[in-house]
Amino acid sequence: MVKAYLGVDVGSVSTNMVVMDENEQVLESLYIRTMGQPVKAVQSGLKTLGERIGNSVTIEGVGTTGSARTLTAVLVGADAVKNEITAHAVAVSRKVPGAQTIIEIGGQDSKIIIMRDGIVIDFAMNTVCAAGTGSFLDQQAVRLNIPIEDFGELALKAKTPVRIAGRCAVFAESDMIHKQQLGHSTEDIIAGLCEALVRNYLNNVGKGKEILAPIVFQGGVAANIGIKAAFEKALKQELTIPEHYDVMGAVGCCYLGREAARNKPTGFKGWEAAQFHFRPTSFECKGCPNLCEVIQIFENDVLVARWGDRCGKWSNVNVKVG
Amino acid sequence: MKISFPIMGNSYIAFKQLIRDIGHEPLMAPMPSARTMTLGTMYSPEFACIPFKILMGTYIEAIEKGTDVIISSGGHGPCRAGYYGILHQRIINDLGYNTKVIVFDSVIRTFGDFVKKISWLLDEGKTGWWRFATVFHVVWDKLMALDEIEILSFHIRPYEINKGETSRVYSKCLEMMDQAENRVRIREARDACFQLLHSIPQDKSREPLKIGVIGEIYVLIEPFANLDMQATLGEMGVFTERGTHLSNWTKDNMFMSRHQSRIITAAKPYLRQMIGGHGINSVAETVLYAQRGFDGVIQLAPFSCIPEIVAKGLMPKISRDAGIPVMTIFLDEQMGKAGMQTRLEAFVDLLQQRRQKRLGGAVSW
Chain Y
1 MVKAYLGVDV GSVSTNMVVM DENEQVLESL YIRTMGQPVK AVQSGLKTLG ERIGNSVTIE
61 GVGTTGSART LTAVLVGADA VKNEITAHAV AVSRKVPGAQ TIIEIGGQDS KIIIMRDGIV
121 IDFAMNTVCA AGTGSFLDQQ AVRLNIPIED FGELALKAKT PVRIAGRCAV FAESDMIHKQ
181 QLGHSTEDII AGLCEALVRN YLNNVGKGKE ILAPIVFQGG VAANIGIKAA FEKALKQELT
241 IPEHYDVMGA VGCCYLGREA ARNKPTGFKG WEAAQFHFRP TSFECKGCPN LCEVIQIFEN
301 DVLVARWGDR CGKWSNVNVK VG
Chain E
1001 MKISFPIMGN SYIAFKQLIR DIGHEPLMAP MPSARTMTLG TMYSPEFACI PFKILMGTYI
1061 EAIEKGTDVI ISSGGHGPCR AGYYGILHQR IINDLGYNTK VIVFDSVIRT FGDFVKKISW
1121 LLDEGKTGWW RFATVFHVVW DKLMALDEIE ILSFHIRPYE INKGETSRVY SKCLEMMDQA
1181 ENRVRIREAR DACFQLLHSI PQDKSREPLK IGVIGEIYVL IEPFANLDMQ ATLGEMGVFT
1241 ERGTHLSNWT KDNMFMSRHQ SRIITAAKPY LRQMIGGHGI NSVAETVLYA QRGFDGVIQL
1301 APFSCIPEIV AKGLMPKISR DAGIPVMTIF LDEQMGKAGM QTRLEAFVDL LQQRRQKRLG
1361 GAVSW
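Sequences listed follow chains Y and E, in order. Heads up: the first sequence begins at 1 in the working numbering, then just goes up one per residue. Heads up: the second sequence begins at 1001 in the working numbering, then just goes up one per residue.
Be aware that one or more of the hints could be misleading.
Distance condition first, Cα-Cα at most 30 Å in a straight line; then the derived DSSO-like pairs of lysine-lysine [said to hold, decoys possible]: (1) E:K1163 to Y:K313; (2) E:K1016 to E:K1172; (3) E:K1116 to E:K1065; (4) Y:K286 to E:K1065; (5) Y:K320 to E:K1172; (6) Y:K209 to E:K1317.
Not everything, but these chain E residues come out facing chain Y in the computed CB check (under 10 Å) [as the list claims (entries may be wrong)]: (7) K1163; (8) R1168; (9) G1313; (10) M1315; (11) R1320; (12) P1325; (13) M1327; (14) R1343; (15) L1344; (16) A1346; (17) Q1356.
Keep in mind the hints are simulated off the structure, nothing from the lab. For every residue, glycine included, the Cβ atom is placed at its ideal position computed from N, Cα and C.
Turn these sequences into a full structure, and let the hints guide you.
Next comes the structure, spelled out in C-alpha cells:
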C-alpha cells in the first residue's frame, strides 16, 4: 500500500478529483460533469477512484475546494477546506515553480492570480459576467455544430479573424450571428470569438494587474488551443499549460490535505463513502429576523453537519430542531 | 405626523428619538429583508445603484405601515444620489401615494434650504429651536455612543472564544441604547455596553490580521447591503475598521472637520478634487490604513457607482506605492453569500502569507 492524498474540486460545471502520492506524482485524476448534483458527482467519483486504485493506496489526507467545498468536505471527510484561489495557487507553486501569473478559466468563472516569490499577492475573479468562460464556448460550439474539442484547432486555421464584440455573451452571440450571415467563414468567426473572449478577460478580470511571465494557463478552457493562441497574441508571451491543467484545483487540495493531516489522522471516510446514503435538507430558522436558511446533511439517516446559520446556534448537530 | 427614515446600520436608534423628541411619531420601517429588495428592485430604474433600490423598498414598506413623511439625506458632487430624493418622490407619487420625501443636503452647501426644512418639521411638531438644540445634543451623543459601541464590537470579535458571542452581546447593547433617552442615561448605557463587550471571553494571544473597509457610505454602513461583511470577517478572526461611520460623516457635512481635511490631504498625491460620493474618502483612507500598518483594505462599491469606480482605478497605484493589498467588491442585488465568502477567504489567505513572509517565517497555506 502506498501513502497518497485525495483532492476534490467541486465547481459549478465539473467535479475534479486527484489522487497524488508521497512523491507528488498524480496517480489518478478524474473530470466529471457536476450536472447540478454535487453529492452524486462526488460519490460517483469516489466509486470510480476506489475501483481503480482503492486497493493499492491508503489515503492519508484529503482537501476540498470549489463552490461546493463545505458540502464535499462532509461527504468525504476532508482535513482541509480551502477557497479556489488558494488551491490553484498552491498547485502552481509546486508544479510550475517561479510562475508569476495564473490565468484560470473554468466553466462559469475565470480568475487571475498574481504570484511573486511563490505567494499570492493579488487576485481577481469575474464578478458580473460569465462571457469568456467555458460554458459560453460550449454553447457556441453547439450552435455552430462543432465538437468543442475541435474548436481550438479550427480557430488556428483562420486567415483573417473577424472582430466580435466580447463585452457580453449576449452581445457576442448576436454579433457572431450577424457576421456569419454576412458570409464570413466559420474559422474566422471562431478565431474572432477567441480573441474577443481574451479581450474580455484581460479588460475585466485582468484589469489593473501586472501580468508578468512565466504565465500559467489552466482550467478546462486551457484545452482550447485557439484561446491559448489568442492570449499569446494579446500578451506577446508564451503561456505554460501544466500537465494537469484541468484539475489543478484538486491537485492543490492534495497538498493542502497533506499539510492539514500532517500531525493527525485523516478524517477520510473511505472509498465506501460512495455507498453511503447522503440526504441534504433545509429549513428556515425563525429565531430572529435574519431568517437563515439552514442546511442539514444526513449520512445514513444520522445528522452529520449543519450550516447556513449566521449565529451558529445550529452548528452543533446535537441541537434539536423544535 | 408619522415620520420614517432609511435604515442604515444602528443609526435608527438615534433617529427614532430625534423624531419623537421634536414632537412627531417615529415610524420604523421593517429591517431590510428579501422583501425590501424585491419591492425596491421592482419599482426602481434598472440602472439605479443598490442603495437607491434598498431605500426604495424601505420607503414602500414604511408607506405600507402608514408614514406621512420620509426624511433622508442627499448626496453631493457628481454622484447620482444627489438626484435620488427627487426620483424616490416621483416614484412614490406614481405609485399613487402622497407621502412626502424630505431630503436634507449638506448644511454647508445648502444652508437656507436646510434651515427651511428643519423649521417646517419643528413647526409641525410644535417644537421651538431652543428645544431642538437640546434634543440635537442628546441625539448626537447617542449617535456617537452607537458608533463607539459598534467600533468596539469589530475590535473584540476577532478575539472572541465562542463564535457569535460578540454579535449576541452587540444586539443586546443596541436594546440598552434604545432604552436610554437622556444624556446621563446614554452615558450610563454606553459604559455598561463597553463593559459587557469587554467581558466577552477572549483569546488575547491571537494576532488578528487588520483590514480597513472603505467605500460608498450606504453599502459600508448597512449590513444588509454588504451581506454583513464586517461581522463575517470578524468571525473569520479579522480585526476591522471602516472609514465612514455616521457620526464622522455628519460632522464632515456640518462643517469642515479635522477628519475631512485629513482626508483631502491624504488623497492629494492621487486625487485633487471631489469626485462625488465617497470616492475621495476611499482613496485617502487606503493611504491612511497603510500608514497605520493595516494588512489590507477592502473596498465596497455599489455596482455601477462612478465615484467608487474612479477610486478603484487609482487603487493599483496606491496599493503599489503604499504596499497594501486592496480588494474591491461590487455589490448588487444578489444575496447569495458564497461568492463573497470565497473572495474573503482568498484575500485573508493572501494577507496571512504576506505577513508570514514579512516576518521571515516559513509560508504555510
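Restraint check, 10 Å cut-off on beta carbons, for E:A1346 near chain Y: holds, 4 Å
Restraint outcome when E:L1344 is required to lie within 10 Å of chain Y by C-beta distance: holds, 9 Å
Hint status (Cβ of E:K1163 to nearest Cβ of chain Y, threshold 10 Å): Status holds, d = 5 Å.
Restraint status (C-alpha distance of Y:K209 to E:K1317 at most 30 Å): Given pair Y:K209, E:K1317 holds - Cα atoms ~10 Å apart, limit 30 Å.
Y:K320 paired with E:K1172 [C-alpha distance capped at 30 Å]: holds, 25 Å
Proposed proximity, Y:K313 with E:K1163 (alpha carbon, max 30 Å): Between E:K1163 and Y:K313 the Cα gap is close to 10 Å, so the pair holds against 30 Å.
Restraint status (C-alpha distance of Y:K286 to E:K1065 at most 30 Å): holds, 22 Å
Interface hint compliance - E:R1343 to chain Y, C-beta minimum distance less than 10 Å: holds, 7 Å
Interface hint status, E:G1313 versus chain Y (Cβ within 10 Å): holds, 8 Å
Chain Y contact restraint on E:M1327 - CB to CB distance below 10 Å: holds, 8 Å
Restraint status (C-alpha distance of E:K1016 to E:K1172 at most 30 Å): holds, 18 Å
Status of the hint placing E:P1325 at chain Y (closest C-beta pair under 10 Å): holds, 6 Å
Consistency with the previously given hints is maintained throughout, with no hint failing.
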